[in-house]
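Here is how the chains run, residue by residue.
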Amino acid sequence: MNANALIQTGLYLVALLGLSVPLGWYMARVFAGNPPGLARILMPLERLLYRLFGVRPETDMTWKTYAVAMLVFNGLGALAVYAIQRLQGNLPLNPQAFPGVSPDSSFNTAASFATNTNWQGYGGETTMSYFSQTIALSVQNFVSAATGMACLLPLIRGFTRKTSEQIGNFWSDLTRSTLYVLLPLSFVLAVALVSQGVVQNFTPYRTVPLMETARYEMPKTGDDGKTVVDEQGNPKMEKAEAKEVALPMGPAASQIAIKQLGTNGGGFFNVNSAHPFENPTPLTNFLEMLAILLISAALCHTFGIMVGDRRQGWAILAVMTLVFAGFLFLCCAAEQSGNPRLSEAGADLAARDPYAPERISERWGTRQNGEIRPNAQSGGNMEGKETRFGIVDSALWATATTCASNGSVNAMHDSFTPLGGLVPMLTMQLGEVIFGGVGCGLYGMLIFVISTVFIAGLMVGRTPEYLGKKIEAYEMKMAALVILTPCVLTLACTALALTAGAGPSSMLNPGAHGFSEVLYAYSSMSNNNGSAFAGFNANVPFHNTLGGFAMLISRFWLAVPVLAIAGALARKKSVPPGAGTLPTHTPLFVALLTAKVLVVGALTFIPALALGPIVEHLQMIR
Amino acid sequence: MFREALAQFLPSLRALIVLTVLTGVLYPMAVTGVAQVLFPWQANGSLLMDGEKPVGSEWIGQPFKDPRYFWGRPSATGPFEYNAGASAGSNLGPTHPGFLKTVADRVQALHAADPERAGPVPVDLVTASGSGLDPHINPAAAEFQVHRVAQARGMDEDALRALVASCTEGRQFGCLGEARVHVLKLNLALDARKPGAR
Chain A
993 MNANALIQTG LYLVALLGLS VPLGWYMARV FAGNPPGLAR ILMPLERLLY
1043 RLFGVRPETD MTWKTYAVAM LVFNGLGALA VYAIQRLQGN LPLNPQAFPG
1093 VSPDSSFNTA ASFATNTNWQ GYGGETTMSY FSQTIALSVQ NFVSAATGMA
1143 CLLPLIRGFT RKTSEQIGNF WSDLTRSTLY VLLPLSFVLA VALVSQGVVQ
1193 NFTPYRTVPL METARYEMPK TGDDGKTVVD EQGNPKMEKA EAKEVALPMG
1243 PAASQIAIKQ LGTNGGGFFN VNSAHPFENP TPLTNFLEML AILLISAALC
1293 HTFGIMVGDR RQGWAILAVM TLVFAGFLFL CCAAEQSGNP RLSEAGADLA
1343 ARDPYAPERI SERWGTRQNG EIRPNAQSGG NMEGKETRFG IVDSALWATA
1393 TTCASNGSVN AMHDSFTPLG GLVPMLTMQL GEVIFGGVGC GLYGMLIFVI
1443 STVFIAGLMV GRTPEYLGKK IEAYEMKMAA LVILTPCVLT LACTALALTA
1493 GAGPSSMLNP GAHGFSEVLY AYSSMSNNNG SAFAGFNANV PFHNTLGGFA
1543 MLISRFWLAV PVLAIAGALA RKKSVPPGAG TLPTHTPLFV ALLTAKVLVV
1593 GALTFIPALA LGPIVEHLQM IR
Chain B
1301 MFREALAQFL PSLRALIVLT VLTGVLYPMA VTGVAQVLFP WQANGSLLMD
1351 GEKPVGSEWI GQPFKDPRYF WGRPSATGPF EYNAGASAGS NLGPTHPGFL
1401 KTVADRVQAL HAADPERAGP VPVDLVTASG SGLDPHINPA AAEFQVHRVA
1451 QARGMDEDAL RALVASCTEG RQFGCLGEAR VHVLKLNLAL DARKPGAR
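Chains as they are written, first to last, in this note's numbering: chain A, 993 to 1614; chain B, 1301 to 1498.
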């Protein structure tokens, strides 16, 4: 880690942890139905929304009713996304005249966006009309994120309520998350992004001339529209040239803001936030990275406030930050040291800072000047990375986007060094609980807390309790389901894809890296992340279908058991802490919880990782 | 359970429609409205203009092969490099044999274009960017090409370096991202300096 890496990552962590405190407080007020200050002007709109939905927000639901409402609402959402994609060709706001999307790809995308995964088998600027992007995809970005928060709140209430059958009202939790949290934050972020150069319009693609005509070869097409092939079956090539190029347009900023804040991650363009129109400057990059983890970090404080002990929130946030910082260091170091094979080929991988050390005091506020050292470069493994971000911002983004279940990328993970690529893979495989998705990250982590408390209870031979609630057999069974489901899904789907033959044919890279592509794809879908080793051709019926089911299972087979735990906890009496109660805000507990998360992930996945990135690393360094 | 689902069906449908209007119609329209009023140039693609005529975008790189121009990063877009209509990275892994050969070929091509410029090639110039549209190169990658461009244009190297410096940006606010040289602006400035050049 050089000085630049320390400054940029330090700045990021300070901004993240600093902003999480006020936002956490704000959300606690909102979810209590008592929004502070300016946000009160939204209260009439909130009441209007309930009237339009035809619901009574003050009626509390049992956990079963709550779960049913959540499932029906999300099911309808998925159906709508599917239908809009299939009918896209006949719908408005389609200036590029894109046809309807294939059934398997539509199913996969519908499952993907309804589950907050945002795995994308398609390329945005060549597939989706503005109608599909805004009406189908953007809407799911909001409501799937709000659903995540809405499934967290009952679990928190489970700890605070005593001998109660009810755990809250789904419609009110959903509406408050959307109206007071996601919409205002997205609006502010979207406008900030546009000010830096992210596009936001509804015009057709703009054509601009190329300074130098691009000459290239492409397969010749016959009169029948098919590629002409020679005797060997290779396509015949013909010369072509391009004097101008189409610049993609569209309402990108509004969608990017929510895809970052809602830990969705689905890009407007094919290369996601590596695209200069999606992420033009280091400042947009910083803001977009901040947005990835902001709400998930803040929810820790919301949790602490709601259970009446802020230290509980801090303890969980400490675990998340520790694990995050460790993985960040590993990823940054691996990417900065780069690929020794490129050195051998004659490339210069050394990092050289643009500012001379003696001028470091003058660097703050320098925007454009002649003091940049002419030999400056970020060096390292730059394949698949953008110059303006360099190594540090790319590694920071990769770690953040996979710790959260975001899945947006600003560099191509497929081209990372083996160990640099191991980090995003493993952070997903930990179950997306290090910050994790909005709402679902924290409920996943609370499940790990419950099982940690349980193990600690076994060690001293007492009935375990957390926040005054006894943890018993039912809760532990559900917790085991929540922790093990994504693990089993990941490994089973990877094995199935590899043995069914559809895996190898979709690989871009040979050998161990090809295995990593399959493992990464199913780690991503089975943990609702959505990022990819994008060389893997996932847009085929086999992967679209298998992955679609993996995403649905890992979202809803986790959310429903969590709601069941919430219901079971709310029903219990509260027991006052005794001499034998394990305090859950101490450094000892932070260490226990960290170990628990890492050990489960490591025991499950190191054998698989050994076949992919670890073998490849050994091959790379020889 | 079935009766519960039925009871939740109508509110779900109504909520989905209302939230679609709110987040899928009103929200993007509000952002577009504010963006078009406050930042019309940025919101419409940050086009660089030569009088009335657009000559490119601030953020989208262009392909250059002529030795008289500075070259940008290799690009993995198809069917030609820097095709802004289809952004793409190469997605080639670090041990892919084809990738290693491509990099070796790029190193050789750069040395062949300027045999007097020895030494290792800055990594930016031989690796494809993530988007395939990267408008920038590192200062080291520009410096590597100064000798070639100066020779091809019969220009003084130091004058050329001054021009490169004028198209160089430091880290944003001195600490974010990386220092970078804008290739398209630099080449536009080169042509503006020498009227009659291609």
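Just so you know, not all the hints are guaranteed correct.
[Said to hold, decoys possible] Ranges of calculated distance between the beta carbons of each label pair, as one might list FRET restraints:
1) B:F1309 / A:P1084: 21 to 31 Å
2) B:R1314 / A:G1572: 48 to 58 Å
3) B:G1419 / A:E1363: 16 to 26 Å
4) B:E1457 / A:N1529: 44 to 54 Å
5) B:P1367 / A:W1549: 24 to 34 Å
6) B:H1447 / A:R1614: 49 to 59 Å
7) B:E1457 / A:V1006: 57 to 67 Å
Treat the hints as calculated values from the structure; they're not laboratory data. Just so it is clear, CB atoms sit at the ideal spot from N, CA and C, and this is done for glycine as well.
Evaluated hints:
| no. | hint | in the structure |
| --- | --- | --- |
| 1 | B:F1309 / A:P1084: 21 to 31 Å | holds (28 Å) |
| 2 | B:R1314 / A:G1572: 48 to 58 Å | holds (51 Å) |
| 3 | B:G1419 / A:E1363: 16 to 26 Å | holds (24 Å) |
| 4 | B:E1457 / A:N1529: 44 to 54 Å | holds (47 Å) |
| 5 | B:P1367 / A:W1549: 24 to 34 Å | violated (60 Å) |
| 6 | B:H1447 / A:R1614: 49 to 59 Å | violated (35 Å) |
| 7 | B:E1457 / A:V1006: 57 to 67 Å | violated (43 Å) |
The structure fails hints 5, 6 and 7 (numbered hints given earlier, in ascending order).
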